[in-house]
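Participant: Please model the entire structure based on the sequences and the hints provided.
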Amino acid sequence: MPMPMPMSATETAPRHVAEPDAAPLVRFEDVDKTYDGEQLVVESLNLDIRRGEFLTLLGPSGSGKTTSLMMLAGFETPTSGEIYVDSRPIKNVPPHRRNIGMVFQNYALFPHMTVAENVGFPLRVRNVGRAETAERVARAMAMIKLEALAQRRPSQLSGGQQQRVALARALVFNPQLVLMDEPLGALDKRLREHMQVEIKRLHQSTGVTVVYVTHDQSEALTMSNRIAVFNDGAIQQVAAPDVLYERPANSFVANFIGDNNTLSGQVEQRRGPHCSVRLGGGELVQALVVNPRANGATSLSIRPERVRLLAMRDDPRGDNRLPGRLTELIYLGDHALALLDVAGTTDFMVRLPAGRQAGLACGQDVAVAFAADDCRALDPV
Amino acid sequence: MSAPLASLKLRLRRVERARQLRHAVLILPLLLFLGFTFLVPIGTMLWHAVDDPDVARVLPRTVAALHGWNGQALPGEATFAALAADLDDAAREQTTSTAAKRLNYDVAGFRSLLMNTARHLEAEPPAAGDAQATLLAIDPRWGDLESWGAIHRASGPLTDFYLLAALDLHRTADGHIAATPAEQAVYVDVLLRTLEIGFIVTALCLLLGFPTAYLLASLPARQANLFMIFVLLPFWTSLLVRICAWIVLLQGNGLVNGLLLWSGLVDAPLRLIFNRTGVYIAMTHVLLPFMILPLYSSMKAISPAYMRAAASLGAPPWRAFVQIYLPQTLPGIGAGSLLVFILCIGYYITPALVGGGGDQMISYFIAFFTNETVNWGMAAALGTVLLTVTTLLAMAYARLVADRQTTGGLK
Chain A
1 MPMPMPMSAT ETAPRHVAEP DAAPLVRFED VDKTYDGEQL VVESLNLDIR RGEFLTLLGP
61 SGSGKTTSLM MLAGFETPTS GEIYVDSRPI KNVPPHRRNI GMVFQNYALF PHMTVAENVG
121 FPLRVRNVGR AETAERVARA MAMIKLEALA QRRPSQLSGG QQQRVALARA LVFNPQLVLM
181 DEPLGALDKR LREHMQVEIK RLHQSTGVTV VYVTHDQSEA LTMSNRIAVF NDGAIQQVAA
241 PDVLYERPAN SFVANFIGDN NTLSGQVEQR RGPHCSVRLG GGELVQALVV NPRANGATSL
301 SIRPERVRLL AMRDDPRGDN RLPGRLTELI YLGDHALALL DVAGTTDFMV RLPAGRQAGL
361 ACGQDVAVAF AADDCRALDP V
Chain B
382 MSAPLASLKL RLRRVERARQ LRHAVLILPL LLFLGFTFLV PIGTMLWHAV DDPDVARVLP
442 RTVAALHGWN GQALPGEATF AALAADLDDA AREQTTSTAA KRLNYDVAGF RSLLMNTARH
502 LEAEPPAAGD AQATLLAIDP RWGDLESWGA IHRASGPLTD FYLLAALDLH RTADGHIAAT
562 PAEQAVYVDV LLRTLEIGFI VTALCLLLGF PTAYLLASLP ARQANLFMIF VLLPFWTSLL
622 VRICAWIVLL QGNGLVNGLL LWSGLVDAPL RLIFNRTGVY IAMTHVLLPF MILPLYSSMK
682 AISPAYMRAA ASLGAPPWRA FVQIYLPQTL PGIGAGSLLV FILCIGYYIT PALVGGGGDQ
742 MISYFIAFFT NETVNWGMAA ALGTVLLTVT TLLAMAYARL VADRQTTGGL K
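Residue numbers (the numbering used here), protein chains in the order written: chain A, 1 to 381; chain B, 382 to 792.
Warning: the hint list may mix true and false statements.
Okay, the calculated bits of chain A under chain B, using three or more residues with CB under 8 Å as the criterion [said to hold, decoys possible]:
id, region
1, 84-97
2, 118-127
3, 237-244
4, 279-290
Selected chain B positions facing chain A (in silico; Cβ < 7 Å) [what the hints assert, rightly or not]:
id, residue
5, His-429
6, Pro-562
7, Pro-685
8, Met-688
9, Arg-689
10, Ala-690
11, Ser-693
12, Gly-695
13, Ala-696
14, Arg-700
15, Ile-705
Hint data in this document are derived by calculation from the structure and do not stem from the laboratory.
What you are looking at is a predicted structure, and each value in this text was computed from that prediction instead of being measured.
We put the CB at the ideal spot given by N, CA and C, even for glycine.
Facilitator: What follows is the structure in structure tokens.
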């Protein structure tokens, strides 16, 4: 089962993110949620969200990430457990009194109001004076660089512009927390990448705490301080992006984040942090012990860029070495991807730096080599 | 360079023309249908409201003699002689009653005056130069300016008589427009009553329809479909059946009064039918679906994300409803209200069956003039008034909607 990794020293937090031991801004405590009384959509969720951080809830659809966000926003009620904001339980606080900004998937800009009226709405409902509202709206419009479009209708704006207006509207009343529910899902790839950078910049300049929901792992890796990976209603791992990628805690995380090679086998012998694993075809591989099952069944996780391709006669100098056959070579510009049959697995991926694919041909017998530390023995899939 | 360009334009134009021709052929049946069922009847009605050929056909010489008459003094001997000659011809062709009927609309008793005069003239035609004396001897009303005014006004070929009458106005002999005496004026009252009933029924429909549509729009699809059948069920039953059902329910010893008496809320049966209350109840029931359906479709188009967004931005539920939800339903409210109002002011059968004498609307009078007195001119004039009011309302609505799109609605 999920096994949170210890915090990595490599995690680089922005200046304003609170220290891990400071009181969290949000705390989910044993939160369960079920809609039908039979299946738990969210199961015993425990999660601390630190002041000022950018935390992403990442997972496939139906994994419980959006439900968790909606419980925090107040649009869903936990079946059991409690959510604290600033150490105060908020289960019985209605959404409009939570002071949490929210950006919706389809922006939810009010179509009958101008852009400026949309941005001013949270201030008007808080009875902020007319002059101050105008000034804060102007500042928010300047922040998203859309001053010129303040009197337009949302329908007259492009998708990216609408998205920025939704951001400004969620930030203009200075909430301590902003929730974003797949806010870039409706944009095309190029615009999405541009907006990722823009949202990250807004986060850094305002210092607001952001909880971001997405199913797009590259989006999560780009933007987050920390990522909570959800599957089947439970958090699989909460860690910084590099930790998630380099040191996945289980097979789900290893396969969900980035490209991954999986080899199934049986642990034979443990030596300190390492173990020997017997693969299906009888090959013996040295691996790092993470969480193989007690009976020794395990799936090895090896990242494609950690694998070297060797000629049959080369010696890997102490690393693992497995024979294979090259089945496909895919040229991708900045690198090439070699697909191999290795140890009974098809489509074993090896990432080759640009230019290294020269001289290779499909059908060629080759060997793959990888260090024991780059091969993680996880739970069997 | 320019030669191929020109040929390109030519080819494009040829393709476009072929396409337009194909489209025109496709919509031709629709155009013909619209023309026969819509444009021709309405055009005919508008024409009947101003068409006035009868008197000029029956009394051509009198009409010619009265041409240019100023209505200040009795016309001369020549006009009297022309009338005598016309009546003589008319008696032979048996057309006197056509003119008599038309003139009787204007001046009560004109039918007997004209028929009587024609009969006397047939018996003893006037001597030459003696027409005025003879006619005055037959009936002194030939000495009234108004009698000649009526003929003068009806000389055709067009008249404003019916349209003025539909607004309780008439022309005096000397051509001025004057109000009809209060004891004879009915149509302005009827028009105002029609509009009043229209407004009240529209308001009642909105009051009942809005929560219903809201419920339908927020229910899950399965239940919403079930409730929608209840909304549409009235459409599946004949209008007469529904109205008769209301009569059964609302009459003095009907179900509703029985319930009220039994519960002790009233001591004597309430009068709920054959008066204005009955009209309001039955019309609201009949027209309610026309309010609910546009409201439902406009509410269905409002994403629940808007209300969530409003809540997350700090708006309490009532404020989110008033400032976010309600403005977005305005097109539905407008369309539903306009539909109900326009249908309502044209309603005939419901008020005729469940209303009293003082609850009849303008359509009742149109039906009355068409079916009972066969006064096409008056029926058409009242129809024109109704059409004008409806058109003005539709135009006001269109302008309102256009304004909202440009200025931002509730402001």
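Participant: Taking the hints in turn, state whether each one holds.
Facilitator: So, going through the hints one by one against the coordinates:
Proximity of the region 84-97 of chain A to chain B, defined as three or more residues with a beta carbon under 8 Å from a beta carbon of that chain, is established by the 4 residues found. Here the region 118-127 of chain A counts 4 residues with a CB under 8 Å from a CB of chain B, which clears the bar of 3, and the coverage holds. Against chain B, the region 237-244 of chain A contributes 0 residues with a C-beta closer than 8 Å to a partner C-beta. That does not satisfy the three-residue criterion, and the hint is violated. For the region 279-290 of chain A, the stated coverage by chain B is violated: 0 residues have a C-beta nearer than 8 Å to a C-beta of that chain, whereas at least 3 were required.
Proximity of His-429(B) to chain A is violated relative to the hint, the smallest CB-CB distance being about 45 Å (cut-off 7 Å). Interface restraint check: Pro-562(B) against chain A, minimum CB-CB distance 52 Å, threshold 7 Å, status violated. Restraint check, Pro-685(B) versus chain A: the minimum CB separation of about 9 Å is more than 7 Å; hint violated. The closest approach between the C-beta of Met-688(B) and any C-beta of chain A is roughly 9 Å, which is over the 7 Å cut-off, so the hint fails.
Among the interface hints, the one on Arg-689(B) holds; its C-beta lies about 6 Å from the nearest C-beta in chain A, closer than the 7 Å criterion. For Ala-690(B), the shortest C-beta to C-beta distance to chain A is roughly 4 Å, which falls under 7 Å, so the interface hint holds. Below 7 Å, beta-carbon pairs count as interface contacts, and Ser-693(B) has one with chain A at about 4 Å; its hint therefore holds. Look at Gly-695(B): its Cβ gets to within about 5 Å of chain A, closer than 7 Å, so that hint holds up.
About 4 Å separates the beta-carbon of Ala-696(B) from the nearest beta-carbon of chain A, less than 7 Å, and the hint is met. At its closest, the beta carbon of Arg-700(B) sits 6 Å from a beta carbon of chain A; the interface hint therefore holds under the 7 Å criterion. Restraint check, Ile-705(B) versus chain A: the minimum CB separation of about 6 Å is within 7 Å; hint holds.
Checked against the numbered hints above, the structure breaks hints 3, 4, 5, 6, 7 and 8 and satisfies the rest.
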